[in-house]
Amino acid sequence: MFKLNLKIALRNLWRHKTSSFINITGLAIGLSACLMLLFYVSYEWNFDKQAKDSGRVYQTMTNVMENSGDILFTFNGTTTALGPLLKQQLPELESVCRLGYGRIKLIANGQNSFKKTSVFAEPGIFDMYDYQFISGSPATAMSAPRSVVLTESMARILFGTADVTGKAVRYEDREELTVTGVIRDLPENSSNRFDFLMPWSLYEILDPGARDLNWNDFSYMTLVKLRAGASADLVNKRLGPMLKKYNDADQQHFLYPLGKLHLYGTFVNGKSAGGAIEQIRLFVILAGGILLIACINFMNMATAKSERRAKEVSVKKTIGADRLSLIMQFLTESMVLAAIGVVIAIALIELFLPIFNNLLSIHMEIGYFSMKIWVVIIGLVLLTGLIAGSYPAFYLSSFDPVGGLRKNIAKGGFLSVSLRQVLVTGQFCFTVMLFISTIVIYKQIQYIKNRPIGADVSVLVQIPQDGALLQKYEMYKTALLRSGAVTSVTHASSPLSHHGSNFMGISWPGMNKPANDVLFNQVHAGYDYVKTTGIKMISGRDFSKQLASDTASVLISASAAKVMNLKNPVGTQVKVFDDQLTIVGVFNDYIWDSPDRSNAPMVIRLDDKLPGVVTMRLNPDRNLQASVDAITTMTKDINPAYPVELTFLSSVYADLQKAEKILGTLSNLFGGLAIFISCLGLFGLVTYSAEQRTKEFGVRKVLGASVFSMMQLLSLSFVKMILVAICIAVPAAWMLMNRWLQQYEFHTAISWWVIGIAIVGTLLTAMLTVSLQAYKTATANPVDALKYE
Amino acid sequence: MIRIENLEKVYKTEDIETTALNGINLHVKAGEFVSIMGPSGCGKSTLLNVMGLLDKPESGSYQFMDTELLKLNDKERSNFRKKHMGFVFQNFNLIDELTVFENIELPLIYNKIPSAERKVLVDEMIDRMNIHNRSGHFPQQLSGGQQQRVAVARALVTKPKLVLADEPTGNLDSSHGNEVMELLCELNEQGTTIVMVTHSSHDASFSNRIINLKDGCVISEKINKGRTEELI
Chain A
0 MFKLNLKIAL RNLWRHKTSS FINITGLAIG LSACLMLLFY VSYEWNFDKQ
50 AKDSGRVYQT MTNVMENSGD ILFTFNGTTT ALGPLLKQQL PELESVCRLG
100 YGRIKLIANG QNSFKKTSVF AEPGIFDMYD YQFISGSPAT AMSAPRSVVL
150 TESMARILFG TADVTGKAVR YEDREELTVT GVIRDLPENS SNRFDFLMPW
200 SLYEILDPGA RDLNWNDFSY MTLVKLRAGA SADLVNKRLG PMLKKYNDAD
250 QQHFLYPLGK LHLYGTFVNG KSAGGAIEQI RLFVILAGGI LLIACINFMN
300 MATAKSERRA KEVSVKKTIG ADRLSLIMQF LTESMVLAAI GVVIAIALIE
350 LFLPIFNNLL SIHMEIGYFS MKIWVVIIGL VLLTGLIAGS YPAFYLSSFD
400 PVGGLRKNIA KGGFLSVSLR QVLVTGQFCF TVMLFISTIV IYKQIQYIKN
450 RPIGADVSVL VQIPQDGALL QKYEMYKTAL LRSGAVTSVT HASSPLSHHG
500 SNFMGISWPG MNKPANDVLF NQVHAGYDYV KTTGIKMISG RDFSKQLASD
550 TASVLISASA AKVMNLKNPV GTQVKVFDDQ LTIVGVFNDY IWDSPDRSNA
600 PMVIRLDDKL PGVVTMRLNP DRNLQASVDA ITTMTKDINP AYPVELTFLS
650 SVYADLQKAE KILGTLSNLF GGLAIFISCL GLFGLVTYSA EQRTKEFGVR
700 KVLGASVFSM MQLLSLSFVK MILVAICIAV PAAWMLMNRW LQQYEFHTAI
750 SWWVIGIAIV GTLLTAMLTV SLQAYKTATA NPVDALKYE
Chain B
0 MIRIENLEKV YKTEDIETTA LNGINLHVKA GEFVSIMGPS GCGKSTLLNV
50 MGLLDKPESG SYQFMDTELL KLNDKERSNF RKKHMGFVFQ NFNLIDELTV
100 FENIELPLIY NKIPSAERKV LVDEMIDRMN IHNRSGHFPQ QLSGGQQQRV
150 AVARALVTKP KLVLADEPTG NLDSSHGNEV MELLCELNEQ GTTIVMVTHS
200 SHDASFSNRI INLKDGCVIS EKINKGRTEE LI
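Protein sequence lines correspond, in order, to chains A and B.
Under numbering that gives the first Met the number 0, the residue at position 387 of the first sequence is numbered 386, and the numbers go up by one with no gaps.
Under numbering that gives the first Met the number 0, the residue at position 35 of the second sequence is numbered 34, and the numbers go up by one with no gaps.
A few of these clues could be false.
Within a straight-line C-alpha distance of at most 25 angstroms, the following computed DMTMM-like cross-link-like pairs (lysine to aspartate or glutamate) qualify [said to hold, decoys possible]:
#1 A:K2 to B:E178
#2 B:K160 to B:E178
#3 B:K70 to A:D321
#4 B:K74 to A:D321
#5 A:K304 to B:E101
#6 B:K82 to A:D399
#7 A:K719 to A:E744
#8 B:K55 to A:E306
None of these hints come from the bench; they were simulated from the model.
Please build the complete structure, drawing on both the sequences and the hints.
Written as structure tokens, this is what we have:
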């Protein structure tokens, strides 16, 4: 029976090529979009879950408290003292590991030097992650301080081979390290990625401050692994009172599953409040929606063809088929179609995966050898076949044999017509909503992009202040200026686009509380910071080399002046931690970190000695490439050990909107696909409707109907459905997108023209689709039409 | 074999009620060949559909080999139909996607006959209908007469006790029509009971008994002497 059903299905596909094409194209595109999104979702979902025991690995989180006792924010930074204490006091922990954040550092094999991501960690890291050693072993890899573990590709970059255990590399142009292990490259979807891993004991040599166990410096992470069966909740309950005994500062720590941190990384009041998972949910809805649109096409086409199939159903029933066998036959047909669709979909995915990876700046691979993938793919085929085929199967198999044989199945019947209308309306509802969302996201990106940065970044370049660039900064600056490639040079502890140093230890005259409870941000900058970056002074002046007193001066932002409620800030004395500083200037706030929200009030202090970045303003009168080349040569001369990493700040600022851009690209892409599949379905329906009414149109034409009036006749019912869809979709999209916009402090509004474009765009596309076929039908020779019947 | 008593069937649309069968009584003996004639709309096809369990009457009784069929549910009707009845239609009603062989095989599949046995039965039938050079063809590739022979083969392959034919020659020219009628006669002579609806008195002349319907009632019944004597 199955063989026979399969045969009928395949022959049916072959005989009705147009509808097969529409169905297969729609399903293939729908399935590839859906699979691609699902692969992406699984990529995100599996973040930090690759290790066998990843379920027992927890990150220690810190709640930063306000003076009022409220939780200001939660992050994963911990102190050096925490890890050893946890290990000593909590028998539930199998392993504890302190590690630093990944930093881009220099690693060299002789003259070949590269800046790659490095991490310092205690040997416990081998308990947290299942690194696969190609050579060396976790037991010995970190026993000597001056040792390093390389990833396979790092080893190949440095030495051209992975067989490098025992060889020497040079770290930051000052430490000779021995390679004690080579491991397979880490999965892309891992939070603590590195190219080379060094022992914590080395870090304690390089930064003696890390040796003593302090409770103040939150620059490190602490990972723990629970013993099998231990409860994180119980540990968390004991943690508070236990910490109180050893640490008088009232810090709160808690364990949070490492595998959840990537997707549920937003904390409010110390409790997880979602995070990237919301975007993942959005993608799942998008994936399902697109597949559903393709399935609806199939259902619509199948029921539209019902007249043609009625005879077959009736004959089969007459000669003894029961309903179940007919249902199975129609389901087989949809499964066959879904299977063909998925084969094409996989080909499409293979074709577009590199582009997709590029768009999202990820490195996703599809492991065709893993069972899981095939379970998903086959599951999707079955699900698609079932969704797409169930309605036609139950509808067609319900035909009563007498009616079908007489060839007078009521055209569609009440239920089927209304259901088909509901399906088309639903399809276009989703499409219109995607259309509106795409425009709104685009508008928001433009809005933020057009928000003045507050600094003139168009000709700014920056370079990390590594190696000799710190000691020889003055010499470097003089050389740069003399060359004429740049007009101004400054340096700062953090790049203009990202200021990471938050603090609260500031007090000012007239402060009405014992301590400041507003988070401030500080940057340590050299001379010419204002001049180089082009930030606008409201009052006062930049630091001056001529005034020795400026070493005890500070610049504050307009928002800082507002928080401090100072009438004439210039000349006012403020205290930052233990330093008494005089405000010499007030500057306008400028954008750093998130361009969509206002920043914390900030202060700029004069300090030439802290490493950070050198920022320079290119000479606008010179050829850009020539200036960049000149800077590269000079930098290489002064700092030969390090590669020259010159970045344009304009591109850095453009990258700040990466998340929105990804969302924009995806909604563009999948919105476009949804519209295409919907129109494909519409085209199919109009084609069938035209075919069914061939005779009617012939008669009408003989009686003198105009082409336009017949086109109108054929198009009107479809246009009506789309209008209904618009009426439902517009308010829904309005509400959803307004909610989306609310998360941005600076956001655009959904103007009427956005809705207008979406309505006109959808209607135009749909009308074009419909009228193509309608025109063909309306202009056909009526004699042919009448003969046909 | 068949006892039909007081059969009534009414078709209702929104505002019109049409009585298709108005208290019909009809008995058919095993081995008989009965023609049903009458003007368009007299209820011939409805009667045939009721006899074939394709349609349900409002009231009355329909006994087939002493079983009351009107009390059966859908599944039982379907089972009964596929075991005991074969159908031949005016417009052949072959399935376009299946070859001649597969079309004839289809009822056997629904009767869950094993594959090897199916092949024997279908080949036998193809031989009998003299269409073995066409067994791999699709219906569209055959002439009307050939298609009707395939349809007859399909009706007979399960060896039904009753064959119901609805104007089997309606779409055929006279020579092909005669071929089909001779085929039916031959079957009848081998013991199959046949009930045929027809407009053509020529076709009816092949049967033992001719029943005339009008407005849903039997108005006359005629024994076809020549054939009946042959039967005796």
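Now the hints, each set against the structure:
1. With a C-alpha separation of about 34 angstroms, the suggested pairing of A:K2 with B:E178 is violated against the 25 angstroms cut-off.
2. A C-alpha spacing of about 22 angstroms is found between B:K160 and B:E178, which places the hinted pair at or below 25 angstroms, so the restraint holds.
3. At roughly 18 angstroms between alpha-carbon atoms, B:K70 and A:D321 fall within 25 angstroms of each other, so this suggested pair holds.
4. For the hint linking B:K74 to A:D321, the alpha-carbon distance of about 7 angstroms falls within 25 angstroms, and the restraint holds.
5. For the hint pairing A:K304 with B:E101, the CA-to-CA distance comes to about 23 angstroms; that is within 25 angstroms, so the pair holds.
6. Under the criterion of a C-alpha separation no larger than 25 angstroms, the hint pairing B:K82 with A:D399 is consistent with the structure, at around 19 angstroms.
7. Among the hinted pairs, A:K719 with A:E744 is inconsistent with the structure: their alpha-carbon atoms are about 39 angstroms apart, more than 25 angstroms.
8. Restraint check for B:K55 and A:E306: the C-alpha separation of about 23 angstroms stays at or below 25 angstroms, so the hint holds.
Violated hints, listed in ascending order, are 1 and 7; each of the other numbered hints is respected by the structure.
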